[in-house]
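Asker: Protein chains in written order, with the working numbering: chain A, 12 to 379; chain B, 12 to 379.
Just to be clear, a hint being listed does not mean it is correct.
Any copy, or any two copies together, can satisfy a pair, since identical chains are not distinguished.
What the hints assert, rightly or not - Calculated pairs, BS3-like style, for lysine-lysine (alpha carbon to alpha carbon, straight line, at most 25 Å):
#1 Lys219 to Lys95
#2 Lys213 to Lys104
#3 Lys142 to Lys75
#4 Lys75 to Lys279
#5 Lys272 to Lys283
#6 Lys95 to Lys213
#7 Lys272 to Lys142
#8 Lys249 to Lys279
#9 Lys213 to Lys142
#10 Lys272 to Lys95
Hint data in this document are derived by calculation from the structure and do not stem from the laboratory.
Note that the structure is a prediction, hence the values are computed from the model and not measured.
There are 2 protein chains.
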Amino acid sequence: MASKTDLAIPTPPRTVISVDAMGGDRGPAAVVAGIARSAAKNPDIRFILHGPQDVLERLVAKRKILTDRCELRHAEGVVTMDAKPSHVMRHGKGTSMWSAIESVRNGEATVCVSCGNTGALMALSMVRLRKLPGINRPAIACLWPSRNPGGFNVMLDVGADIRADEHDLLQFALMGASYARNGLDLPRPRIGLLNVGTEEHKGRAELKAAHDLIAVAAPANDFEFVGFVEGGDIPSDKVDVIVSDGFTGNVALKTAEGIAKLISELLKEAFKFSPLSRVAAMLAYTSMRRLSKRIDPRQVNGGVFLGLNGTVVKSHGSADATGISAAVKLAFQLSQSGFSERLAARVASATSPLQDGRKIEAKSGNIK
Amino acid sequence: MASKTDLAIPTPPRTVISVDAMGGDRGPAAVVAGIARSAAKNPDIRFILHGPQDVLERLVAKRKILTDRCELRHAEGVVTMDAKPSHVMRHGKGTSMWSAIESVRNGEATVCVSCGNTGALMALSMVRLRKLPGINRPAIACLWPSRNPGGFNVMLDVGADIRADEHDLLQFALMGASYARNGLDLPRPRIGLLNVGTEEHKGRAELKAAHDLIAVAAPANDFEFVGFVEGGDIPSDKVDVIVSDGFTGNVALKTAEGIAKLISELLKEAFKFSPLSRVAAMLAYTSMRRLSKRIDPRQVNGGVFLGLNGTVVKSHGSADATGISAAVKLAFQLSQSGFSERLAARVASATSPLQDGRKIEAKSGNIK
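Modelling step: build the complete structure from the supplied sequences, incorporating the hints.
Answerer: Below, the structure is given as structure tokens:
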């Protein structure tokens with residue numbers, strides 16, 4: 012005879028996301044509005060929210076949907092946008108950012124989301140979560156609108172560090188592949204290495220060396236290496252993951268955002284130009300909304316820090332409720348897929364023979 | 012009493028542009044169509060056209076506007092798009108590209124235009140025209156659509172070389188300023204140095220060193236230095252000239268082109284989506300044409316090689332008649348302003364005290 016316990020339908024484990032309420036350009040109200048939106052869409056999500064208790068209590072009380080689903084953690088200090096990472100590393104204890112990372116460190120939450128100062132967030136994450144064994148430089152991965160069926164490509168590093176040698180670039184390829192498998196559900200992602208040309212003789216010495224290392228690592232690590240790609244290929248459908256050093260990646264990302272913004276402004280002006288174009292604007296409204304949703308940076312909001320013991324999602328500093336909600340969605344998805352554990356296992360299996368700097372032969376087994 | 016000679020209206024000297032007819036993706040027909048278009052718009056322009064005599068004769072004969080305004084120079088060889096620059100440097104004699112550069116070298120033409128292989132064109136230009144005294148690395152400058160009143164910003168280097176130290180970056184600033192004065196008619200251009208952040212402590216060591224060198228050079232060289240700028244600032248109105256190493260600049264340029272292309276494709280799809288949006292597309296036609304003209308890469312076609320004894324304009328390999336004509340227009344403008352001579356004078360006056368690697372105090376006098 013089955014006991015009562017056996018008969019009970021098991022409650023699916025709720026995913027807990029640790030959220031830094033402070034440090035974004037729009038303040039904690041936007042963050043609370045964002046997580047409320049996520050809570051309404053997704054019944055399986057819970058939050059630990061970090062910041063000044065009194066401020067957060069008032070904001071959360073206004074959102075019924077957050078009742079019993081959002082735990083508050085008092086933290087008085089705020090990391091400002093102009094704070095130097097080195098200073099925050101030494102004196103950041105007691106800030107909401109520190110506290111938010113701490114919840115991932117101690118296992119209460121699976122992923123941390125913050126829209127604060129990127130440099131400080133990376134510095135604190137490095138100090139508190141520590142790098143994965145075998146990883147030399149963590150990286151920030153972001154999503155790009157693309158022509159691929161899923162609508163997005165992954166690019167890394169977009170700004171964790173300003174340099175990367177060939178071994179770092181290989182690790183970026185491994186981490187990017189793992190992220191694409193778990194975040195975009197691509198079983199065998201295609202990896203490209205960003206360069207100024209696709210010919211093998213082009214580019215800097217470390218790129219040529221990385222080209223060879225990544226090509227060798229591809230078969231055992233369940234990704235396809237498409238070789239060098241150029242800036243114009245980042246949104247293309249011939250690649251899923253674009254690997255780059257953090258300096259170039261950051262410039263490319265900000266350049267693309269700048270151009271997209273310029274075009275969207277010019278488009279608005281064009282629609283206002285004449286009475287005829289104003290009528291056109293009304294008729295095209297739905298189509299335009301669909302387009303702007305596709306290329307809206309808020310919809311792909313969330314750089315993911317890869318290579319640490321735990322996952323941190325960095326949302327845009329200027330993120331509004333839509334942006335925060337997109338970052339939370341990404342955090343949830345990564346948490347559900349067990350991304351942190353899979354990435355750690357993948358890196359461990361791939362990089363142990365790498366220690367001698369020569370070869371990668373580890374079998375990946377069934378690690379996703 | 013005035014003599015007859017005094018009374019005669021002097022004929023303005025016609026500007027001669029040397030054009031490589033071969034090596035572009037669309038072949039010599041597109042090139043001839045492009046120069047015919049320029050000839051129709053501009054009565055003061057003449058051409059020396061380089062390529063296989065019989066092919067060119069037939070193409071030019073079809074364009075009445077080119078009668079007596081286009082001299083042919085037979086050159087049998089063609090530099091292909093996949094030719095290695097080092098090979099072309101050794102064996103390029105007898106190609107249309109070589110011949111086109113030769114016309115600038117021997118003074119028959121003021122500017123050379125080619126839509127062939129960029130690496131080969133730079134290599135041949137370096138060998139035949141030689142670097143300006145005082146210049147270590149030549150650079151390719153291109154125009155970006157921007158929010159500035161003139162509609163364009165200058166960026167360099169976008170791919171002449173893959174590296175640049177602080178002294179190279181200073182030279183890029185001087186050359187970019189000179190180009191903006193002569194090509195965009197900005198008396199006191201604002202120069203920005205591309206980095207991953209605007210704070211002075213950010214970025215690579217050579218960028219910090221270049222920051223200081225350029226700041227010191229600004230007052231004596233009639234430009235304003237706005238400090239570090241980010242990728243998003245490239246099309247902004249807070250800067251006129253963006254200085255970067257050629258690797259980063261090339262990636263940024265191609266990334267921007269890729270994003271602009273993606274958005275324009277998505278825009279077309281959006282307009283086709285429903286009967287309503289198709290009507291909207293018709294009504295918005297004129298406004299959209301204006302917009303697409305503004306961001307059409309063909310309209311800003313022409314990377315300019317700076318730092319050589321003579322000016323070379325590199326047109327896109329895929330340029331059609333519109334693109335070629337835009338490149339010719341730029342070449343004409345630079346020729347009219349006496350850009351090559353002004354740049355040489357400017358570099359000579361600024362870099363002679365630079366030789367000792369310490370200071371730049373040269374007075375620019377009335378050199379534009």
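Asker: Are the hints correct? Go through all of them and say.
Answerer: Evaluation of the provided hints:
| no. | hint | in the structure |
| --- | --- | --- |
| 1 | Lys219 to Lys95 | between (34 Å within a copy, 17 Å between copies) |
| 2 | Lys213 to Lys104 | between (46 Å within a copy, 24 Å between copies) |
| 3 | Lys142 to Lys75 | neither (38 Å within a copy, 70 Å between copies) |
| 4 | Lys75 to Lys279 | neither (37 Å within a copy, 42 Å between copies) |
| 5 | Lys272 to Lys283 | both (17 Å within a copy, 23 Å between copies) |
| 6 | Lys95 to Lys213 | between (37 Å within a copy, 10 Å between copies) |
| 7 | Lys272 to Lys142 | neither (35 Å within a copy, 38 Å between copies) |
| 8 | Lys249 to Lys279 | between (31 Å within a copy, 21 Å between copies) |
| 9 | Lys213 to Lys142 | between (32 Å within a copy, 23 Å between copies) |
| 10 | Lys272 to Lys95 | neither (28 Å within a copy, 38 Å between copies) |
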